[in-house]
Amino acid sequence: MFSSLLASHTAEPLAKSYLEDELHLYLKEPVIDRRKGDPLQWWRQNEGRFKLLATQARKFLCPPPSSVPSERIFSEVSAIYEKNRSRLTGEHAEQLCFLHHNLVLLNWEY
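Residue 110, in the UniProt record's numbering, is where the sequence shown stops; the numbers in between run on with no holes.
Hints may contain errors.
Distance condition first, Cα-Cα at most 25 Å in a straight line; then the derived DSS-like pairs of lysine-lysine [as the list claims (entries may be wrong)]:
1) 28 - 16
2) 59 - 36
3) 51 - 16
4) 28 - 59
5) 36 - 16
Keep in mind that the hints were calculated from the coordinates and are not lab data.
Can you make the complete structure from the sequences, with help from the hints?
Right, dumping it as structure tokens:
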């Protein structure tokens, strides 16, 4: 699985043993302290040693930017999850938020 994930993001085919060696070296590294350590800084310092893993770490450790203020999202979600809707699934709540924002684009009034 790991080799297929990396192969889809690199231009040249990778030797399976190289991927496994890099992964084993990484797994032997000491774990950084979660309260004091900075994972992004660690990857900046060690990307030369773990070239393939570093590209994936950069992809998965950096969240995409958002143009929506987080307070607005939380207030909308709290309005959706009220006592009458306590059995609402996360997927349905996400769909309701999507509809709330996008029906305006269709000039839909509710």
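For this session: Would you pick out the hints that fail for this structure and give their numbers low to high?
Result: 5
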